[in-house]
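Asker: So the chains spell out like this:
There are 2 protein chains.
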Amino acid sequence: MFDLHSLELPVIQAPMAGGPSTPALAAAVARAGGMGFLAAGYKTADAVAQDIAELRGASAAPFGLNIFSPSQEGEAPADIVAAYAGTLAGDAERHGVSLGRPRFDDDAYDAKLEIALRERVAVVSFTFGCPSAETVATLHDHDIAVWVTVTSPAEGALAHDAGADALVAQGTEAGGHRAYFSDAGEHEEHGLLVLLRLLRALTALPLVATGGLMDGPGIAAALVAGADAAQLGSALLLTPEAGTSAPHRARLALPGPTRLTRAFSGRTARGIVNRFMEDHDADAPRAYPQVHHLTSPLRAAARAAGDAEAINLWAGQGHALAQARPAGELVRALAAEAAAARPAR
Amino acid sequence: MFDLHSLELPVIQAPMAGGPSTPALAAAVARAGGMGFLAAGYKTADAVAQDIAELRGASAAPFGLNIFSPSQEGEAPADIVAAYAGTLAGDAERHGVSLGRPRFDDDAYDAKLEIALRERVAVVSFTFGCPSAETVATLHDHDIAVWVTVTSPAEGALAHDAGADALVAQGTEAGGHRAYFSDAGEHEEHGLLVLLRLLRALTALPLVATGGLMDGPGIAAALVAGADAAQLGSALLLTPEAGTSAPHRARLALPGPTRLTRAFSGRTARGIVNRFMEDHDADAPRAYPQVHHLTSPLRAAARAAGDAEAINLWAGQGHALAQARPAGELVRALAAEAAAARPAR
Chain A
1 MFDLHSLELP VIQAPMAGGP STPALAAAVA RAGGMGFLAA GYKTADAVAQ DIAELRGASA
61 APFGLNIFSP SQEGEAPADI VAAYAGTLAG DAERHGVSLG RPRFDDDAYD AKLEIALRER
121 VAVVSFTFGC PSAETVATLH DHDIAVWVTV TSPAEGALAH DAGADALVAQ GTEAGGHRAY
181 FSDAGEHEEH GLLVLLRLLR ALTALPLVAT GGLMDGPGIA AALVAGADAA QLGSALLLTP
241 EAGTSAPHRA RLALPGPTRL TRAFSGRTAR GIVNRFMEDH DADAPRAYPQ VHHLTSPLRA
301 AARAAGDAEA INLWAGQGHA LAQARPAGEL VRALAAEAAA ARPAR
Chain B
346 MFDLHSLELP VIQAPMAGGP STPALAAAVA RAGGMGFLAA GYKTADAVAQ DIAELRGASA
406 APFGLNIFSP SQEGEAPADI VAAYAGTLAG DAERHGVSLG RPRFDDDAYD AKLEIALRER
466 VAVVSFTFGC PSAETVATLH DHDIAVWVTV TSPAEGALAH DAGADALVAQ GTEAGGHRAY
526 FSDAGEHEEH GLLVLLRLLR ALTALPLVAT GGLMDGPGIA AALVAGADAA QLGSALLLTP
586 EAGTSAPHRA RLALPGPTRL TRAFSGRTAR GIVNRFMEDH DADAPRAYPQ VHHLTSPLRA
646 AARAAGDAEA INLWAGQGHA LAQARPAGEL VRALAAEAAA ARPAR
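Line by line, the protein sequences are chains A and B.
Residues 1 to 345 in the working numbering are what the first sequence spells out, letter by letter.
Residues 346 to 690 in the working numbering are what the second sequence spells out, letter by letter.
These aren't lab readings, by the way, just hints derived from the structure by calculation.
Ideal Cβ placement from N, Cα and C applies to all residues, glycine included.
Please note: incorrect hints may appear among the correct ones.
[As the list claims (entries may be wrong)] Here are the simulated distance ranges between beta carbons:
hint : chain 1 : residue 1 : chain 2 : residue 2 : range
1    : A       : Arg101    : B       : Arg631    : 39 to 49 Å
2    : B       : Gly441    : A       : Glu73     : 39 to 49 Å
3    : B       : Ala478    : A       : Ala204    : 46 to 56 Å
4    : B       : Thr432    : A       : Ser6      : 55 to 65 Å
5    : A       : Glu73     : B       : Asp424    : 31 to 41 Å
6    : B       : Glu674    : A       : Pro257    : 37 to 47 Å
7    : A       : Ala137    : B       : Thr432    : 50 to 60 Å
8    : A       : His142    : B       : Glu353    : 49 to 59 Å
9    : B       : Ala598    : A       : Gln323    : 36 to 46 Å
10   : B       : Arg631    : A       : Glu186    : 15 to 25 Å
11   : A       : Leu117    : B       : Glu353    : 50 to 60 Å
12   : A       : Glu186    : B       : Ala598    : 17 to 27 Å
Produce the complete structure using the sequences and hints provided.
Answerer: This is how it looks when you write it as structure tokens:
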């Protein structure tokens, strides 16, 4: 089974669903000595299979596949979603589109698991929840390592008990969706550094640190704090291999606050503050993935029009430190800076 | 003027107003090779002078004095404070006390500055705001180094421009009050690690890292991320030298979530979730220090009665990792662990 410590560099590309994660990005990171990841989220199972084939055509290195766990909260009431849709009518009109149908689904969980098993990817990581011990066992039977994304010691303990092979520790700094096992209730927003220390106190499992890691000293600090590897998301969004949209790229490079919001997807995620977020954050219900589907045509139209004020500008708190360089060159440079910041014994 | 790098150990005791910071704690940390701090907050100017005399009687080492900057927001309307007081009537009755008079004041800012100048303490650090360039110049004229606590790159830039000699970077992990220059408006809750990297990108000033630093690897990680020293608060709360109350000690050692709340003081602070917080968080207005004075007798009575459910259990996100050991022994052990986690070049 895949061993984190077999990587030449302790750098892992974060799976970023919705466009940024491409097979080309994963291949470039892998060729540089790090680990690439594919993001199954929002895609059809066929599209995931196609991504895997494309990546395997470009690199023989082991890679990971991230899968969204099905919602723990069940389907939000239709009237709540309809009320939110009502507040988006002006936006839809402005962009000349109809809102999407706010359907509830499990993002083809079983079909994506099937593909992972069939393709025997090296690692499956889970976000939004912990797989059952049975699912973990099945993956293990296929020689697939299971990583679970956690945001708290309590989630870390559950993942440990379910048989995870590694924990992806997501600090509050991270861009995109919070990986909470449930989006309901209150969440302590742990900073990455203390989260690593709290997880290390309860488990000896390998830890993958993610959230706000943008440069060599940041990566080195995560490793010193107990992580076995650093997972980079926003740091790679400006690379030419990433599928980041042009308006998203333009805003990432500028300083600017981020915020947690449910406005775009109905589930808590961190992005750069823009007009859509300001207008709709207060009204946005917990209703994932219905709100994701609702706003999807609107976001597609805004992206096509280059309008950064109406798209989900997912970004971690360190986004202003992102560099527009080829992914392989960037990963090698950051790993070298990290090694210099943390001399070998 | 005091130079951070003259410390034998890169460990600084955090000033913890309201009881925990004692001259004995500051002296013990200083004797161990770190730096002690006194907390001027809530005390009379005379009591601060007495603390300084007591600390100087126990240690000749340079030490810091933390002063609360006056409120940027001005006095909250009396009716808002009165409405909150109404919701506390049951608590007051239960503890057999009257609520305090909710007065607005500046915590004797000028008098405390006078004492710092007269006593020529090594460092004055500021919380809740940035001193004027004039105040910074006056302190410099007296050979006193000026540190400013910041929670964001924007605050770091202001402190840099005001002439600060070092920035205390307070990550969201930190216990007690958030050091925001203003408690009004929205705040991006930066994790410590990314905050250090963002501050390092904008200034070459020495950085003191604080928030969630509980052990050697955590300290080492902060140093690798660009900090010049680590400031420990919750990590020292269980030491015998700290003035931490018995019910506070009992809860610190247990795992348990923390939350940001204005329920106790009218200003945002992080503490362990308890009954008072659950009951009053939603109603608590932004009205500092009026709410602090309002709840003061109630908290004193609860503390005396050993009731942890009605006192402000200030604690950082890593509080469960706190160790009950003598402060000097603990500081030396943590510094040694940090050095082992971060081998010298």
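Asker: Run the structure past the numbered hints and jot down the numbers of the failing ones, going up.
Answerer: none
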